[in-house]
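Each protein sequence line maps, in turn, to chains H and V.
First residue of the first sequence? That's 3 in this note's numbering, and the numbers climb one at a time after it.
First residue of the second sequence? That's 276 in this note's numbering, and the numbers climb one at a time after it.
Just so you know, these hints were derived from the structure itself, not from any lab.
Among these hints, one or two may not hold up.
[Said to hold, decoys possible] Result set (EDC-like, lysine to aspartate or glutamate): computed pairs, CA atoms no more than 20 Å apart in a straight line:
no., chain 1, residue 1, chain 2, residue 2
1, H, Lys202, V, Asp395
2, V, Lys398, H, Asp74
3, H, Lys202, H, Asp282
All figures in this text were calculated on a predicted structure; none of them were measured in a lab.
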Amino acid sequence: MNSKMPNPSGNVCPLPIMEHTHVVLGHGSGGKLMAELIHELFLPAFRNEYLERLDDQAVVAAGGARLAFTTDSYVVTPIFFPGGDIGRLAVNGTVNDLAMSGARPLYLAAAFILEEGLAMDDLRRVVESMRAAAREAEVLLVTGDTKVVNRGDADQVFITTTGIGVMEKPVEISAGRARPGDRVLLSGHVGDHGMAILSKRENLEFEGAIESDTAPLHGLVAAMLEASYDIHCLRDPTRGGLAITLTEFAAASKVGIELIESQIPVREAVRGACEILGLDPLYVANEGKLAAVVAPQAAQRVLDAMRAHPLGRDACIIGEVVAEHPRMVIMKTGIGGSRIVDTLFGEQLPRIC
Amino acid sequence: MKYVDEYRSAELAGTLRAEVRRLQTHPWVVMEVCGGQTHSIVRHGVDQLLPEGLELVHGPGCPVCVTPLELIDQAHFIARQPEVIFCSFGDMLRVPGSDADLSGLRSQGAEVRVVYSPLDCLKLARSNPGRQVVFFAVGFETTAPANAMAVWRARQDGIQNFSMLVSHVLVPPALEAIMQSPENRVQAFLGPGHVCAVMGYREYEPLSERYRVPIVITGFEPLDLLEGILMAVKQLEEGRAAVENQYARVVSRDGNAPAKELVSRVFQVCDRKWRGIGMIPRSGYRLRQEFAAYDAERLFAAGEIRTAEPAVCISGEILRGVKKPHDCPAFGVQCSPQHPLGATMVSAEGACAAYYRYGRRAERAPQRHEAHQVHKGNS
């Protein structure tokens, strides 16, 4: 980036600007580094009208049907964690990406990259868990692929799942459809998955175990669409958390979003763990939650439908779409101040003290 | 959350705010010393609750920000050695040296690990007997006891493949440097709560007396900060200058005696360079001679690496409280956390990063928000 960044005269800063000649972990964080990679490398290479929407799935027409189509790779470590495992995640994650378009998920393909030396029992556990998850999500795993790599060339098991669903309802749900006046709905507590993984990975023990929230959300979405078709945006806030999902809505729709901090549910144990590690729960990953932007007249009906569903019991309205401060998410803080909720640049790094 | 929500009550914040407004008759400039305080102020919007003319400026208390380029280059030199497992707290990963940052080095094959405690490095050293485990000991007095403990334990347990690159800095000499500066604007300090939890506040008393400056040792929750500000304003309005302790639930006058004892056995006070401020005499720690075997700077001859600090940067003026982040024309334009031009933008505790992340692109942003709060009504 050196060429783009002349030093302003009189303010020569002591640090050079970084250009990444190699991929760093931040490129996969869901933050700005990743957005840069997508916009500067992938999008120019493959540009088309579907990809340009930058949704987590594409809705395409084929043979008279509208189909939702998506893919996702799962590389989580540890592969078993409180509340789930990589297999369950691989099914639910792709099911959720399909569901967020309003589609009914139908079929999955799964590709396994196995590291030489992986315990066969562990692989069996993962596969058994995928079988159970697919049954719960009402999808069939219809094709797949298996590769084995040398020890050290992968970490135990990586799974890529690809999914197809059918659009049965005349809905058009996309990050770019938020309008001023719309309400922002959240299906439950944020930060559970990310903190469950982090606590397990770092052997941190917190009062009250934190479990991943991994769950298939297609049933919840179906219940919401039963209540109203006026759902404009829908996304499961995985990597980068709620904050990134909402900043993406604001950017794609060219609107502002206002949040009320006190309305956003965060579990006690998750808040505690985040306080200790210096993380912000708004940026922590979820695997069984969704954020929705809904037309104002439909918001209460959709909220009631969510609360009637087991995966949306703690749903609430957390904010509103506004015409002011386009592309910016502003949150009213608990003590009555306000702050901007910004995109993260890379990984969220724990503070020193 | 228990023991936290009590310190974030909107109602009590309103009471404290009203009291500050009632007391204040003059414009005052108050510096919060610690980066954690800056972060909390901006995250919760504490500064927006203050009356006109009461200005908060941000102090040098972000360890990442004040670590000189030279030391970062030394760290990178060590991290590049093939036998080294280089351990650091997360903040340091993205701080660029002359030609790389630690996360970039990792992508090029260096083994760089984020740890939550220096004691984790001892475990790593034990399980990797063929490697040299080096910990980058950055921080103020707050992190010194745990770092001292790691070295102490290593010696006790006979661990020989562990060492530490020490870059410890001390708060009181930095406050003194600020007060001595001819361009100083600071009239009162919110003292660093965590640092004083370890060190106590006795050593701030001569400073307060000598420079006739109120120092209120303050915590990190919004109500702590508001109360600390109130106590500072009260002193200023009454023309007093004393050390007062807002953070009494954590801080005592003498601090944590066993921790201080351990620190003084392992470390000794030395001169240190501060980024943006320069050399401050007796402003840091280094390992005592008897722990030289654990001194990574010596083991890797890293002290021979000398990097000249480039021309004067606004981050130095920000660290001294002379300027604010948006006084810099590059702020939010060429300089963002994604592409930091200065250390104050890199660390989460850096003033520029806190401003950027929590929305201080321009001074007017909060007012604009308040204005449309009104028409929003109940949603």
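Hint check:
At roughly 15 Å between alpha-carbon atoms, Lys202(H) and Asp395(V) fall within 20 Å of each other, so this suggested pair holds. Using a Cα cut-off of 20 Å, the hinted pair Lys398(V) and Asp74(H) is violated, with the two alpha carbons roughly 35 Å apart. Distance restraint check for Lys202(H) and Asp282(H): the Cα-Cα separation of roughly 18 Å lies within the 20 Å cut-off, and the hinted pair is therefore satisfied.
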